[in-house]
Every structure is written in structure tokens, then in C-alpha cells.
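> Given next are the chains, with one letter for each unit.
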Amino acid sequence: MSSESLRLFKKSVDGAYRSFSAKYGDAIEAVFDPVLYFLVWFEKLLHNSPWPLVILALLGLVYLGSRSIYLTIGSLFAFLFIGYFGMWDDTMSTVSIIGVCTALTIGFGIPVGILMSGSDKARAMITPILDIMQTMPSFVYLIPVVMLLGIGKIPGLLAVIIYAIPPVIRLTDLGIREVNKEVLEAADAFGANRMQKLFRVQLPLALPTIFAGINQTIMMALAMVVIASMIGVKGLGQPVLKAITNQYFTMGLLNGLAIVALAIIFDRVSQSYGKRMQQHRAGANE
Amino acid sequence: MSEVKIKIENLYKIFGPRAKDFTNKVKSGIDKDELLAKYNHVLGLDNINLDIKEQSIQVVMGLSGSGKSTLIRHINRLIEPTEGTVLVDGEDITKLNKADLLEFRRNKTGMVFQRFALFPHHNILDNVQFGLSIKNLDKSESKDKAMYWIEKVGLTGFENKFPNQLSGGMQQRVGLARALAIDPDILLMDEAFSALDPLIRTDMQDQLLDLQKNLKKTIIFITHDLDEALKLGDRIAILNGGKLVQDGNAEEILLNPADEYVSNFVKDVNRIKVLKIGSIMNIDGNKNESNPSVMIDESIENCLPTMLESESGLNVLDSDKNFVGVISKNNIAEILRRSKD
Numbered sequence: 068m069s070s071e072s073l074r075l076f077k078k079s080v081d082g083a084y085r086s087f088s089a090k091y092g093d094a095i096e097a098v099f100d101p102v103l104y105f106l107v108w109f110e111k112l113l114h115n116s117p118w119p120l121v122i123l124a125l126l127g128l129v130y131l132g133s134r135s136i137y138l139t140i141g142s143l144f145a146f147l148f149i150g151y152f153g154m155w156d157d158t159m160s161t162v163s164i165i166g167v168c169t170a171l172t173i174g175f176g177i178p179v180g181i182l183m184s185g186s187d188k189a190r191a192m193i194t195p196i197l198d199i200m201q202t203m204p205s206f207v208y209l210i211p212v213v214m215l216l217g218i219g220k221i222p223g224l225l226a227v228i229i230y231a232i233p234p235v236i237r238l239t240d241l242g243i244r245e246v247n248k249e250v251l252e253a254a255d256a257f258g259a260n261r262m263q264k265l266f267r268v269q270l271p272l273a274l275p276t277i278f279a280g281i282n283q284t285i286m287m288a289l290a291m292v293v294i295a296s297m298i299g300v301k302g303l304g305q306p307v308l309k310a311i312t313n314q315y316f317t318m319g320l321l322n323g324l325a326i327v328a329l330a331i332i333f334d335r336v337s338q339s340y341g342k343r344m345q346q347h348r349a350g351a352n353e
Numbered sequence: 069m070s071e072v073k074i075k076i077e078n079l080y081k082i083f084g085p086r087a088k089d090f091t092n093k094v095k096s097g098i099d100k101d102e103l104l105a106k107y108n109h110v111l112g113l114d115n116i117n118l119d120i121k122e123q124s125i126q127v128v129m130g131l132s133g134s135g136k137s138t139l140i141r142h143i144n145r146l147i148e149p150t151e152g153t154v155l156v157d158g159e160d161i162t163k164l165n166k167a168d169l170l171e172f173r174r175n176k177t178g179m180v181f182q183r184f185a186l187f188p189h190h191n192i193l194d195n196v197q198f199g200l201s202i203k204n205l206d207k208s209e210s211k212d213k214a215m216y217w218i219e220k221v222g223l224t225g226f227e228n229k230f231p232n233q234l235s236g237g238m239q240q241r242v243g244l245a246r247a248l249a250i251d252p253d254i255l256l257m258d259e260a261f262s263a264l265d266p267l268i269r270t271d272m273q274d275q276l277l278d279l280q281k282n283l284k285k286t287i288i289f290i291t292h293d294l295d296e297a298l299k300l301g302d303r304i305a306i307l308n309g310g311k312l313v314q315d316g317n318a319e320e321i322l323l324n325p326a327d328e329y330v331s332n333f334v335k336d337v338n339r340i341k342v343l344k345i346g347s348i349m350n351i352d353g354n355k356n357e358s359n360p361s362v363m364i365d366e367s368i369e370n371c372l373p374t375m376l377e378s379e380s381g382l383n384v385l386d387s388d389k390n391f392v393g394v395i396s397k398n399n400i401a402e403i404l405r406r407s408k409d
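If you're matching them up, the sequences are chains A and B in order. Add 67 to the 1-based position in the first sequence for my numbering, that's all there is to it. Add 68 to the 1-based position in the second sequence for my numbering, that's all there is to it.
Please note: incorrect hints may appear among the correct ones.
Stated by the list, open to error - Pairs of lysine to any residue, SDA-like flavour, derived with a Cα cap of 25 angstroms: (1) Lys248(A) with Leu169(B); (2) Lys264(A) with Asp253(B); (3) Lys203(B) with Ser86(A); (4) Lys248(A) with Gln280(B); (5) Lys229(B) with Asp253(B); (6) Lys264(A) with Gln182(B); (7) Lys311(B) with Leu283(B); (8) Lys88(B) with Ile140(B); (9) Lys163(B) with Arg183(B); (10) Lys166(B) with Lys111(A); (11) Lys248(A) with Asp271(B); (12) Lys342(A) with Asn232(B); (13) Lys203(B) with Pro101(A); (14) Lys203(B) with Lys111(A); (15) Lys264(A) with Lys88(B); (16) Lys264(A) with Phe391(B); (17) Lys229(B) with Asn247(A); (18) Lys111(A) with Pro101(A); (19) Lys341(B) with Asp253(B); (20) Lys264(A) with Gln280(B); (21) Lys88(B) with Lys73(B); (22) Lys264(A) with Ser208(B); (23) Lys284(B) with Phe391(B); (24) Lys248(A) with Ser208(B); (25) Lys341(B) with Gly309(B); (26) Lys176(B) with Glu249(A); (27) Lys229(B) with Lys111(A); (28) Lys264(A) with Asp271(B).
To be verified - One side of the interface only, derived from the structure: several residues of chain A facing chain B at Cβ under 10 angstroms: (29) Leu138; (30) Leu147; (31) Leu251.
Bear in mind the hints are in silico, worked out from the structure with no lab data behind them. Predicted, not measured: the structure shown is a model, and the values here were computed from it. Don't be surprised by glycine CBs; every beta carbon is placed ideally from N, CA and C.
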């Protein structure tokens, strides 16, 4: 391709997209309003509630998920450390966006995974899309998102979801496909229809694998926090970004450690929750 | 007892993407190996015709790859036939639509699997209830039924255990209870006892025969074990390479094997144990009052001691104690000689 026509090609694609976003940008933004509304409400709730109450609620969730007193005590110290070093508000922003992201990825990812597991065609079509989502540098798909929606919470949320959703989809698909064929045949032999098979046999048996996917997704969402902060998402990413640009080593380290603490808590809780389900399945839970 | 429950007619099954195109080739005599080598399609069943009588145990026997598991899966249509019909109570189940097929499976057939295929995430009670819950039966009613069958198979007290906490024999009892809980007319048993060790297996066979005395289900029992077939089967169908080579009762199969495959199959069977007096007695003989008597439906083995003590033979009586024939040492020698050849 000559450099002239290459320039023309780029210009016309950019122009077309720009006019598309000028025309439909507001409408598309409106679609995300409920999510934005909820995200803002959730963040405000975490910010405005007295911190001991929030810690208590978080510790309650940690204990319910992990049933481990050590992890709960460890989490308590982590949260106190975060508060003592003045990172409480940023941490709560991060927790809120990760929470909403996780809910959305599960809400979208599991149905897509189910669809994929049911049809080899769907799998053949979706797998390359997932590959792109995981390997395309996030900045590249951030460009059109920011062009369309501007900077702010929603573009950040989308960027995080695009990056973090593939594991849930892949592992839901894998988990369902791995369900023992003989057990499925038994369900068929007793006259179970598609939905009965899905909800009574396939999903329950795939649950440990699906949970591994959810765990991965949460980890990847946390990893995106810094990049999301570049397009205006509040949270622990912003001070890290500031620290990079200004060479504030201590500031970067402290906020980085806070992200690590959150990651470890999320990871351990979701993993031990998944493991407990597996134990039950194996029947060791008498 | 003699009503035909399941009638399988001209059933063909070819596995492969263009199965329908090859049915004519199979009809004109191409065999399993050739079909695979030339067209890369697998011949599963080749023109099966079989009548299965109500309330009887029909054993289907063959080596692995003979098509027996394929055949049993046509009765509840887990496998779609390439051509042919399967009539159950006169209704062609190959023509059922989706909804009717689900209803058919929910009410008419119960299936027991070789490797149990229990639901690992459900406890024993829920496993046994599975078929009932699929039918959306009232909860307390389905629990009562499940508990009844758990008791029947001798697993009371294990309702809240999970399958992997049970031994193989116990798991298969759960499988049997799960199939019986929906009260099906037809019980499909796909090598149901093959994965169990010999003692447990004998135990389960006895239990099945015991249950069948009262249940009077139509049972299709797949096995590759001839002793099991002879013990359980009212009739035994033998498959080879997708073809039905013989269908008959134990005596017919042992005394008149249809071809070499069947005679090889039955070669090592202990005839003395399996054959009944009635199948080898001499009906022209005259009653000798000084000789002891045996019953017609006893095995030869059981009357051997009496036979060895007697000088000239035994009188054979039917179930009403009427004289029907005699049996001599020569009759038994003849059977032993034939199985040697």
C-alpha cells in the first residue's frame, strides 16, 4: 500500500468512527446510565458509611466466604494498615469498581460460557474474540471507547471488563464440557430436558471450574486498576499513576501494597469458597 | 407372559456423517470391516429383528463392539436409528416428537449403567429421586417413593451419603433404585453388574431375580458374561458385528448354537450346571417304580448324586408330580461328550 492511500485509509476510518460517535455517543452513553448510577451509589455508600462499619461488613463477607479465622484477622490488619496510611477512600473506590466489574462479568460471562459449551460453532466464533480481548494492548481498545464515551467511570469499567471477562467465559465452557458424559446420558435417560440438564447436572458439576474462572477474573480486574485510572477511574490506580509520573517511590509502594492486599484477600476468599463447594461435591463434607 | 412388549424391526444403525447413504450398501451385504475401510463409517447394527416379551428378562450378549450397547440405547432412543422401527406397546418410538420422547423416557423406561453414572453432587436420596423430580412430582410423594426403593435395595441409613462414600456394589444398588423409582415398565440394564467384583455381582444377580419375581418388569440386560446371561436370561440374544446371530433360551443356545461364533462362545460353559433335566430327558422311556425320581426343572448337576446311586436311571416328574420321562447316565454322558468336541 502506498503511504498516500494508507493515510487516506486511516483518515477515512477515523472520520467515519468520529461521526458515528458524534451521532450515537449520547444514546450509547444512556444505555450505561443505570450501571453508572449504581456504581456511583455503591462507591458513595462505601465512602460515607463509618469506616468501622465498612470493615465489619467486609470482614463478615471474608469469613462467610472463607470460613477461616486467620484470613479474617489478616484482612482486619490489612484494612487497618490501609486506613492508617491514608488510602481508605481510594481503596473503597477500587473495591466498588472491582465489585461491580465482578458482578457484571459473572452476569455476562456465565451465559456466554453456557452458550459456548452448547455449540461447537459458537465456540469457534467466540474463542478468537476472547483471544483478541486478552492479548490486544488495552490502550488500543481504550481509544474508541474514550472517543465514544469520553473519560470517566464507564469507559474504565468497560476496559476492565473486556480484559477480565475471558477467564469466566472460558472456564464456564470448559467446566460444562468436562461434565462426565455418562452422568449426562443418565440425565437424558430419565427424560431431563435441556434446562433441567443445565441447572441440575451441568452447572452444579461445573461450579468448581467456574469458580476458578471467577477467581481469575477478579485478579485480572485488579491488575487493570492502574490502566483504568488513566481514563479517570478513581481508586488506588490514581496515586500509583501519580507516583510514576513524579517519581514518588514510597507513595507508589504503599498503594501498590494496598492493591496486593486486596488481591490476596479476594483470591483467598474466592478460592476457599470454590474449594468448599468441591468438597461438598466429593462428599467429604459430612 | 407371552405378549410382545418391545418389537424391534429391521433396525439399522450406521455411525458417520453420511449414514443414510450407506444403508443400501449394508443391505446388499457389505460388512462392518469393509464399510469402515472403504467409507470410514462404522456399522453399529445390521438388520436387527427382535421380539421382547412382556415381563421377561431378555439378555443381549456379545463381545465389545458387537453393538449390544448401541441396541439397548435404541429402546429409549438415546441413539437415533438410521433405519427401522422400535415398537413399544405397539407405538413406534422412533417417530415420537421431542416432548413425547421425554415423556416416554420419564415414565416407561428406567436405565442402569455400567459405571453407575450417579450424580456425584447429590446424596443417595436425591439420586434416587432424580427421575421423579424431573417429572416434577410432589416433593413428599417423591421422597416416600425414593425411601421405599432405598429400603428395597437394602440401603436404608445411607440416604444422606454421597455416591463416592459408597462401595461399587452399593452404588449400583442406588442406580437400580433410581431406575425403579419411576416405576417403569421397561428396565434397561447396560452391563449393569460388569464393573462389580464376582461375589458382589452374584449377590446383585440374585437380588435382581428376587425383585423381578414381584416386579414383573420387562428387563433388557446387556452383558458380555455368558454365565450371567444364562443365569438371568429368559431369552438370550447374541450379537456379532452388529448382526443378531441367535435369539433363544439357554438350552437352545447351548444345544443348538446357530453358528461357530455362538458355539465358541458357549464352549466353556458348564452344561451340567446350566442345563435342566427336561432338556435332555428321554420322553419315550417307561417308568421304573424301583428308581428314584427327579423334577423336570432341576439342573443336571443337582440330580447327579441320585443318578450315580441308581442302577438304571431316574424317573422325571413335572411340577404336578406326573411322570413325563426318564433320564439315564447315557443321556448325561452324551451331553458331556458333545461339549468336549
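> For each hint, tell me whether it holds in the structure or not.
Right, here's what the structure says about each hint:
no., hint, result
1, Lys248(A) with Leu169(B), "holds, 20 angstroms"
2, Lys264(A) with Asp253(B), "holds, 24 angstroms"
3, Lys203(B) with Ser86(A), "violated, 56 angstroms"
4, Lys248(A) with Gln280(B), "violated, 29 angstroms"
5, Lys229(B) with Asp253(B), "violated, 29 angstroms"
6, Lys264(A) with Gln182(B), "holds, 21 angstroms"
7, Lys311(B) with Leu283(B), "violated, 31 angstroms"
8, Lys88(B) with Ile140(B), "holds, 21 angstroms"
9, Lys163(B) with Arg183(B), "violated, 30 angstroms"
10, Lys166(B) with Lys111(A), "violated, 52 angstroms"
11, Lys248(A) with Asp271(B), "violated, 28 angstroms"
12, Lys342(A) with Asn232(B), "holds, 17 angstroms"
13, Lys203(B) with Pro101(A), "violated, 40 angstroms"
14, Lys203(B) with Lys111(A), "violated, 48 angstroms"
15, Lys264(A) with Lys88(B), "violated, 30 angstroms"
16, Lys264(A) with Phe391(B), "violated, 60 angstroms"
17, Lys229(B) with Asn247(A), "holds, 20 angstroms"
18, Lys111(A) with Pro101(A), "holds, 15 angstroms"
19, Lys341(B) with Asp253(B), "violated, 32 angstroms"
20, Lys264(A) with Gln280(B), "violated, 31 angstroms"
21, Lys88(B) with Lys73(B), "violated, 28 angstroms"
22, Lys264(A) with Ser208(B), "holds, 22 angstroms"
23, Lys284(B) with Phe391(B), "violated, 31 angstroms"
24, Lys248(A) with Ser208(B), "violated, 30 angstroms"
25, Lys341(B) with Gly309(B), "violated, 29 angstroms"
26, Lys176(B) with Glu249(A), "holds, 20 angstroms"
27, Lys229(B) with Lys111(A), "violated, 47 angstroms"
28, Lys264(A) with Asp271(B), "violated, 33 angstroms"
29, Leu138, "violated, 26 angstroms"
30, Leu147, "violated, 40 angstroms"
31, Leu251, "holds, 9 angstroms"
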